[in-house]
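Chemist: Given next are the chains, with one letter for each unit.
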Amino acid sequence: MESTTIKSPIIRSKNFNAYFGNNHVVKNVSIEIPKNHVIAVMGPSGCGKTTYLRCINRMHELIPGATSKGEMLLNTEDIYSMHPIFVRQKIGMVFQRPNPFPNLSIYDNVIAGYKLNGIRLPKADKDRIVEHSLTRVALWNEVKDSLTKKGSFLSGGQQQRLCIARAVAMEPEVLLFDEPTSALDPISTSTVEELFHELKSNYTLIIVTHNMQQAARVSDRTAFFYMGELVEYDETKTMFTNPKDNRTQNYITGRFS
Amino acid sequence: MDTSVENGSVTRSDLPLRVINSGKSMIAVNARQKIRRSFNQIRAENIFKRSLVIIGLIMVVLVLGILLTLVIQSLPSIKSLGLKYLWGRVWDPVQDIYGAWPFLLGTLLTSFLALLISIPFSISVAIFLGEYYPKGWLPNLLKNTVELIAAVPSVIYGFWGLAVLVPIVRNFETHIGVEPVGVGIFSSSLILAVMIIPYAASLGRSMIQMVPSPLKEGAYSLGATRWEVIRSVILPYTKSGLFAGILLSLGRALGETMAVTMVIGNTSLIPKNIFSPGNTMASVIANEFTEADKPVYLSALIELGLVLFLVTVVINLIGKKIIDRFTNE
Amino acid sequence: MKAGNVKYRIGKSGGFQALVVLFSVACVVPLIAILFYIIKAGITKINWHFLVNIPKPVGETGGGIANALLGSVIVIVIAALIAVPLGILGGVYLSENKKSRLAYWSRLSIDILQGVPSIVIGIVAYFWLVKPLRGFSALSGSVALAIMMLPIVVRSTEETLKLLPDSLKEAAFALGMPFHRVIFKVIIPCGISGILSGVMLAVARIAGETAPLLFTAFGNPYLSTSITKPMQTLPLLIFNYATSPYNDWHDLAWGASLILLLWVLLLNIFTKLITRKWKVQL
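Chains as they are written, first to last, in the working numbering: chain A, 1 to 257; chain B, 1 to 329; chain C, 1 to 282.
What the hints contain is simulated information worked out from the structure, not anything from laboratory work.
All residues carry an ideal CB built from backbone N, CA and C; glycine is no exception.
Watch out, some of these pointers could steer you wrong.
[What the hints assert, rightly or not] For lysine-lysine, the following PhoX-like pairs were computed, each having C-alpha atoms within a straight-line distance of at most 20 Å: (1) K216/B / K12/C; (2) K200/A / K7/A; (3) K185/C / K150/A; (4) K12/C / K126/A; (5) K162/C / K320/B; (6) K320/B / K12/C; (7) K320/B / K99/C; (8) K131/C / K162/C; (9) K143/B / K272/C; (10) K69/A / K35/A; (11) K79/B / K135/B; (12) K99/C / K321/B; (13) K239/B / K216/B; (14) K149/A / K185/C.
[As the list claims (entries may be wrong)] Label-pair ranges, simulated between beta-carbon atoms: (15) G62/C / K272/B: 51 to 61 Å; (16) I168/B / R134/C: 40 to 50 Å; (17) L19/C / I318/B: 45 to 55 Å; (18) R134/C / N140/B: 27 to 37 Å; (19) V61/B / L223/C: 29 to 39 Å; (20) D324/B / L81/C: 53 to 63 Å.
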């Protein structure tokens, strides 16, 4: 299925399955994700792409009745034999709707991963983390004078970048994005998309999107999910110019959505 | 989200290979320290999840404990007096004669009379706030004031009733030619009627506000007047909800102790009419519990408490069930 | 349709509306009558002396309610110390476990507890604490009041937490926070206004409770701070003195009633205001 073999993938799943009760939503997915790349996961709604994403950092199991089966590795470690706390500290996540903590200031939101986990840092370190993280998401100049304000005062796009900064501040290895721009206006969307290129140098990004143009614009590789199955996984350029599977062909030409 | 206790055992392989990426990290946290903290966190997480389950269990045990205590403590009375205790017409602890009928009757009379008096008022408030004037500062004031009725301590209702209401009732009794005692079933019912207004009113209000506006608009578009809409759309739609509110009011009236104790007159004779003094189950417990010197006497009082407990539990649960069904529709 | 018929129907509708307004406004009358009467009867009794002295024996004028004030505070604080942590965690448990079997029974138990008449709770507390400890005590009164507070705190916590969006919890979990930190650092702080208002309403509710204290805290004409001894509280003092035949004692009870009423009403109004102000923007 793959045109190129991937050397030492950072995430590798083999015959991975996920269920909601008896509902089989992710079927036998095997995938290898290379380091420092942007991977887009696309497919029509209900195809299991978000569920698969949430399995990578074990958020899926938080839903009552949700189970999973199969192999999922981070580097060489089995994610499902680690404690979820460690997994989630190494694999950050950004959600569909911006969800800054409403009870915290912008500053505290960025270091929430430390502050709320009870990790005490010297003030100078915290300042550095905050400035560094906010700079990485191109938010520093906009908020540096209002760091003590509550995060919920920011605009939607700014809130989403704040959430990315919050994830980046934890220095994870992988960043998961669950349709990160679907609640944003076009200008904020393009700002966030530019960030992906920026972040790629330090992190591996996995982005779920139902927007094909976005997948084409931002990703190095694309995975196409359909009805719980991984139909095709390839270089983005190859996928959009020369899809191997009929279903991919139909999807990218808009024959079903 | 799920809080089921996960497998708490942590093995060496769980150790993160790289808690902090040293190459690009700017964070000067000792990695080993951070790992140890994380292990503590995992232990704390497991303890916390277990304690939550224990607290859930405590709530069940608490209620079972209440029921069990009441049953065990009323056993002497149940054994020696039997079922006929409930309709025995004489209560004379000195002669060791125990019959609960005067108190059952007293409770039923005061509660239903109170309900009868309060329904027009509470339903009016519900319609006023739910339909006629749902917004504005004046309705808001009315809403808050009615809610405050429930906040006033019952001992204050009792004291005020004793000082102000009882003389008025006594006057009234002289006028209509019954024995002018003032204290009694009637006075208690009046006080109770005031106290239980907020329960039916606030529930009724929220039920009436939930009537879908297309239903009302449909009736208006056919030329119905406001009253006709209320009678033929709103009241039929909300009748189960209003009934639940009235049930909750009733549950409250049955169990009310202090205000009733202070104005009912406290006699264990069967009331002759609604102006007679009497006793309710709650008031006789309040009055005689600390004086009950014989085991059967005390146990008979607790059996009253058990009956009161069971009746109010059943009424409240039925009321809650109706509300749940109504709000889920 | 005839014009006369329509006029009749409109008239009937207006008449009904007038009736509803009349009955609604009438509801407020007893409350205002009680407020006015108690203020009138109580205001002249209240002075510094009244607040810092204990009641005098029959026949002597003067005396105050210091023992009842202090007793009420002690009994309520201990009750809150028992019920608030238990209630908040109970609310967390119920909102986190919507479907488990134990949660169903816990929820049912809380529903039942909410409707139990206060006098019954008094009986039970008597057998749980007064009898084993061989004597009436402030502690047993606090436990009885804690049982009354519990369902209010549990329910308000549960309702508040249910309204918080799941995304908040997900954000916290995704940062690798353990469950207890998610609850204590994110969920409870975000719902704090709703939880606090539940706690304050529960305190307001038990501040005026008398029935569960009759066989537990019992009352005490003297100043006592020992929680293993009988203790006077405001509602108990009002009940005992109001039903006594002495005018001096009635006066004392009116003063105490005014204080209790102000305490409870202010707590209620304060709660309403504070909930509006502290609400976390979501």
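Chemist: Each hint needs a verdict: does it hold in this structure or not?
Modeler: We went through each hint and held it up to the structure:
1. In summary, the hint linking K216/B to K12/C is supported, as the alpha carbons are separated by about 18 Å, within the 20 Å threshold.
2. Using a Cα cut-off of 20 Å, the hinted pair K200/A and K7/A holds, with the two alpha carbons roughly 17 Å apart.
3. For a cut-off of 20 Å, the pair hint linking K185/C to K150/A stands: about 16 Å separates their Cα positions.
4. Taking the CA atoms of K12/C and K126/A, the gap is about 72 Å. The hint is violated against a cut of 20 Å.
5. A threshold of 20 Å between alpha carbons decides the hint, and for K162/C with K320/B the separation of about 19 Å falls inside it, so the pair holds.
6. This hinted pair does not check out: K320/B and K12/C have alpha carbons roughly 35 Å apart, beyond 20 Å.
7. Under the criterion of a C-alpha separation no larger than 20 Å, the hint pairing K320/B with K99/C is consistent with the structure, at around 18 Å.
8. Between K131/C and K162/C, the direct Cα distance comes to roughly 40 Å. Violation of the 20 Å bound is thereby established for this hinted pair.
9. A C-alpha spacing of about 12 Å is found between K143/B and K272/C, which places the hinted pair at or below 20 Å, so the restraint holds.
10. A distance of roughly 24 Å separates the Cα atoms of K69/A and K35/A; the hinted pair therefore is violated under the 20 Å criterion.
11. For the hint pairing K79/B with K135/B, the CA-to-CA distance comes to about 58 Å; that exceeds 20 Å, so the pair is violated.
12. Of the pairs offered as hints, the one joining K99/C and K321/B holds, with about 17 Å between alpha carbons and a cut-off of 20 Å not exceeded.
13. The hinted pair formed by K239/B and K216/B meets the criterion: a straight-line CA distance of about 15 Å does not exceed 20 Å.
14. At most 20 Å may separate the alpha-carbon atoms for a hinted pair to count; K149/A and K185/C meet this at roughly 18 Å.
15. Judged by the Cβ atoms, the range 51 to 61 Å given for G62/C and K272/B is violated: they are separated by roughly 44 Å.
16. Checked against the hint of 40 to 50 Å, the C-beta distance between I168/B and R134/C comes to roughly 45 Å, which is consistent with it.
17. The hinted window of 45 to 55 Å between L19/C and I318/B is violated, with their beta carbons roughly 30 Å apart.
18. Remark: the range hint 27 to 37 Å for R134/C to N140/B is contradicted by a beta-carbon distance near 52 Å.
19. For the hinted restraint 29 to 39 Å between V61/B and L223/C, the CB-CB distance of approximately 37 Å keeps it satisfied.
20. Take D324/B and L81/C: their Cβ atoms lie about 33 Å apart, and the range 53 to 63 Å is violated.
Of the numbered hints listed earlier, those contradicted by the structure are 4, 6, 8, 10, 11, 15, 17, 18, 20.
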